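Student: Please build the complex by placing chain B on the supplied structure of chain A, with the hints as guidance.
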Amino acid sequence: MKLELTVNDTPHVAEIEPRTLLVHYLRDVLGLTGTKIGCDTSSCGTCTVLVDGESVKSCTVFAAQVNGAALTTIEGLAGDDGLNRVQQAFHDNHALQCGYCTAGMVMAAVSLLEEQPDPTEADVRGGLEGNLCRCTGYHNIVKAVLSCGRAAER
Amino acid sequence: MTTTEIPAADGKGLVKIGQPLLRREDEPILRGEARFTDDVPIPGALYMEVLRSSHAHARIRSIDTDAARTSPGVVAVYTGADLAGEWVGQIPVLIAPDPAPLLAPRWGPIATDKVNYVGEPVAVVVAETRARAADALEAIVVDYDVLPAVVSPEDACTDRVVIHDELGTNKAYTWEVVITPESVDAAFADAAYTVKQRHIQQRCLPAPMETRAVCAVPDPMGGGGFTLYSSTQMAHLLRTLLAMTVGVPEQKLRVIAPNVGGGFGSKLQTYPEESLCLALARRLKRPVRWVEDRSECGVAMIHGRGQVQDIELAADSDGKITAVRVHLLGDLGAHCKLFTPGIPVIGGPFYHGCYDVPAFAITITSVYTNLPPTDAYRGAGRPEATYAIERAVDGLAAEMNMDPAEIRRRNFIPPFENGHQTVCMVPFDSGNYEPALDQALELAGYEQLRKEQADRRASGSTKHLGVGIASYVEVCGYAPSRMMAAGGGKFSLWGTSVVRFLPTGKIVVTTGSHPHGQGHETSWAQIVSDRLGVPYEDVEVLHSDTAIAPYGVLTGGSRSLSVEGAALSVTCDKVIAKAKTLAAHLLEAAEGDLEFNDGSFNVKGTPSRALPITGLAHTAAFDAHLLPEGMEPNLSAETTWDPPNFTFPFGTHIAVVEVDEETGAVALVKFVAVDDCGNQLNPVIVEGQVHGGLVQGIGQALFELAAYDDDGNPLSPTLADYLVPSAAEVPSFTLGSTVTPSPSNPLGTKGVGESGAIGSAPAVINAVVDALAPLGVTNVIMPASPMTVWRTIQAARAAAPNAKENGR
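Quick note, the sequences are listed as chains A and B, same order. Once you know that position 37 of the first sequence is 37 in the numbering used here, the rest is easy, because the numbers rise by one and skip nothing. Once you know that position 497 of the second sequence is 497 in the numbering used here, the rest is easy, because the numbers rise by one and skip nothing.
Isolated chain A (complex conformation) (with noise of 0.2 Å):
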């Protein structure tokens, strides 16, 4: 079937299976291998994208599904003028170690701050709850999310 849809503001037409999951989309027809496969029952979230502006773990859709969508992934979160503010929190406060969870964590945080500019830390923890990290024991995820809230700003 035809796929139409853009990623990081470029737009792709492209030929697929329909069975064809978003995350191997992204990551084997357009080699965008920042978005992670952690699991096989969305419970992970090392596969979260944008898909125009909402989080959706990237496994558990058809990229069928977002056909006519505007996709944002790890790879176009930052911009000219260098990583993105939650990219750049992430580095601040030490809030990844070996980086298979920190596309999706980071994704998620995103979207997270734009539907709570303001989160407490129960907020933070709550809304990635659906993200897992081995590493980090979120202690300093939790820490660069707050400091990009708008309290922190103040």
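Hint data in this document are derived by calculation from the structure and do not stem from the laboratory. Remember, it's a predicted structure, so these values are computed and weren't measured experimentally. Treat the hints with care, since some could be wrong.
What the hints assert, rightly or not - Under the rule of at most 27 Å between Cα atoms (straight-line distance), these lysine-lysine pairs were calculated in the DSS-like manner: (1) K252(B) x K285(B); (2) K143(A) x K16(B); (3) K16(B) x K580(B); (4) K171(B) x K196(B); (5) K16(B) x K506(B); (6) K670(B) x K143(A).
Stated by the list, open to error - Rough simulated footprint, nothing fancy, chain B against chain A, three-plus residues with beta-carbon under 8 Å: (7) 30–37; (8) 71–78; (9) 85–99; (10) 114–126; (11) 130–137.
Even for Gly, the Cβ is constructed at its ideal location relative to N, Cα and C.
Tutor: Quick look at chain B alone, frame taken from chain A:
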């Protein structure tokens, strides 16, 4: 703590050892550019899928692969019998329970006539795409003759069913260390107090976020060699072992571990899929790649823990522990992987904890079961030992109605700076245990917590507050080869680091250790910048590729900084020594008259006549005619470091929980960890390592269980069933530290990769038991799920209906 970027204040870009430093590894990861094994593009690669045993114990009658062979896109289908000729040797056991004899079964990458656990490979499909390979896998029909399965180590001990006919028993070994048996017996006979407890170390899944992935590529330039990409913690050792077992000559094999998405010990192996991809690439003359599904990972990766612990303490009337006696039953799983039989043994000398115990006896029996093999998982033996002794010490405190902090204080080994011979073989390096306890108590607000607890108990609240303490000492810096050999090691674990000054004054460091989240690139550059006085940004650190890096055995046991890092420090000293000789020659001064500060040599008292080491590097490379007679060109050096002793980090953790009597739910409300890892190279990384370890220990205490049914079927191989804690289940942590330098290496470091996972589980369970003590609860098994806790409360009530009134 405030973290800082590289300081530019002095204009030289120098960084110092001990300075908080953010990681240079981060940016490519944050941009999504860092490649992990399955991200590496390999043109023309075939995809392998593995058919795994669906039975825990069965004979293979036949395997019908006809339909799979004709499935679209399939290139080849092989059974174990088809591939029998590919293997030239057995994967060895690298830590044995010497001097006890070890009975170990033969095993290969793929079963031939019998399967011994669910998940064991029985056939492989190689196809043009991953989906085609997966489709064809379903067309393979295996006819099994199902045998009764042994799924508990207690059952294994009975030999009711013997798993490996050739061994005649399920018992792999019995390892016994009794320090003066009469004194142990006498201590128990004379004891004012005794404690006897049984603890279960449930099987845990290491569950790194990146499952395993492998790709074997025949050398595209010809020559008969192969490049193997693998998500491994041990590129060099993997190459050696694949050479020994698959028969590709070691010099013809290049192993690359790209970015690796966590290991925690699980990737310290030579796994079947690495052998299979390499053998199939050799057979098919095309690249062959494989990536593990998460549900495969739950059965195909090693499991952690898996022990039954019986521990007894004897104490005098003051609460001074006079003897510890331990019987340990280890569940090895279906066969021995590299370190399987050694894991319980590694923990053996730590069952007396950080206490001055005069009499000690431990007996370890390990058995085979029809479950996946167990092996190293964050802490490997020390979390288990710490759990048992710290639960038992709390049991003693309860028995004596003494504060758990006080009982620890009374028993700590007194401070020592350079060696303490413990009761069980191991000479600890340095230790000062009480200040870590004091700091943890203060950070936790211990007295206030006890007051709050008393108030809450008095109010009759059904939400019980519990405070749990765990003090630990563990062992890291795995290397000292003589001590490793004495402890049953069948290989050596020295480490190598190389410094190469380039003609432009920049530096390339190569190192044998491999990072998978620990930040070696940042840390190694930090060491060089400090020692050589060169800009941090001018130091490149290369690793994880056997074609580039010197041999480094493996990354595990929190060893890298104290071994390869120490090797790097010694190497810098060699570079400075050579540069000094050259500087003295060029300055026409005596070496003894020179001093070296911030990267430059000058004659003492004459700072104006200075030669920077970077300039000397240029001279040594490009103007070698100026070198003193007999000096080799280039400022480069290499050190292989085999330290004199292990390192012994320690600390105290305190957990505060609230347990709901009505639901059994445990909420972790506060966690304090005070760890002493010797000198800290980079506090940012130290804290990050502790945070991660804490959640793994908390996970074992409250959530994680690799569950199996009575027939050996896995009940929790996926992340939907296996509960890796999320951010919502844990609090932010309060960390502290003390610094007791290690005399075992020139950096004075001890290692911090595992401490978090060692102190946390016993602290949490001690807190849960403390919370429920008024209800008559004396033990809660892990994981302390709401159901388990609720049932424990009901059982305690049934046993002692008036317990609540009696209080603690």
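Student: K143(A) and K16(B) were given as a pair; does the straight-line alpha-carbon distance stay at or below 27 Å?
Tutor: 26 Å, holds
Student: Given the hinted pair K252(B) and K285(B), is their alpha-carbon gap at most 27 Å?
Tutor: Holds, because 15 Å separates the two Cα atoms, which is no more than 27 Å.
Student: Starting from K16(B), check that the Cα of K506(B) is at most 27 Å away, please.
Tutor: Judged against 27 Å, a Cα distance of about 18 Å means the pair holds.
Student: Hinted pair, alpha-carbon criterion (27 Å max): K171(B), K196(B). Please report holds or violated.
Tutor: With a Cα-Cα distance of about 25 Å, the restraint between K171(B) and K196(B) holds, given a limit of 27 Å.
Student: Tell me whether the statement that chain B covers the stretch 130–137 of chain A is true, taking a Cβ distance below 8 Å and needing three residues at minimum.
Tutor: holds (count 8)
Student: Do the alpha carbons of K670(B) and K143(A) lie within 27 Å of each other, as the hint requires?
Tutor: The hint holds at about 16 Å.
Student: What's the verdict on K16(B) and K580(B), does the C-alpha distance respect the 27 Å limit or exceed it?
Tutor: 21 Å, holds
Student: According to a criterion of three or more residues whose C-beta lies within less than 8 Å of a C-beta of chain B, is the stretch 114–126 of chain A covered?
Tutor: Holds: 4 residues of the stretch 114–126 of chain A have a Cβ under 8 Å from chain B.
Student: Under a C-beta cut-off of less than 8 Å, do 3 or more residues of the stretch 85–99 of chain A approach chain B closely enough to confirm the stated coverage?
Tutor: holds (count 10)
Student: Please count how many residues of the stretch 71–78 of chain A have a CB within 8 Å of a CB from chain B and say whether that reaches 3.
Tutor: Since 5 is at least three, the answer is holds.
Student: The stretch 30–37 of chain A covered by chain B? Criterion: 3 or more residues, Cβ-Cβ distance below 8 Å.
Tutor: holds (count 7)
When the structure is compared with the earlier hints, no violation turns up for any of them.
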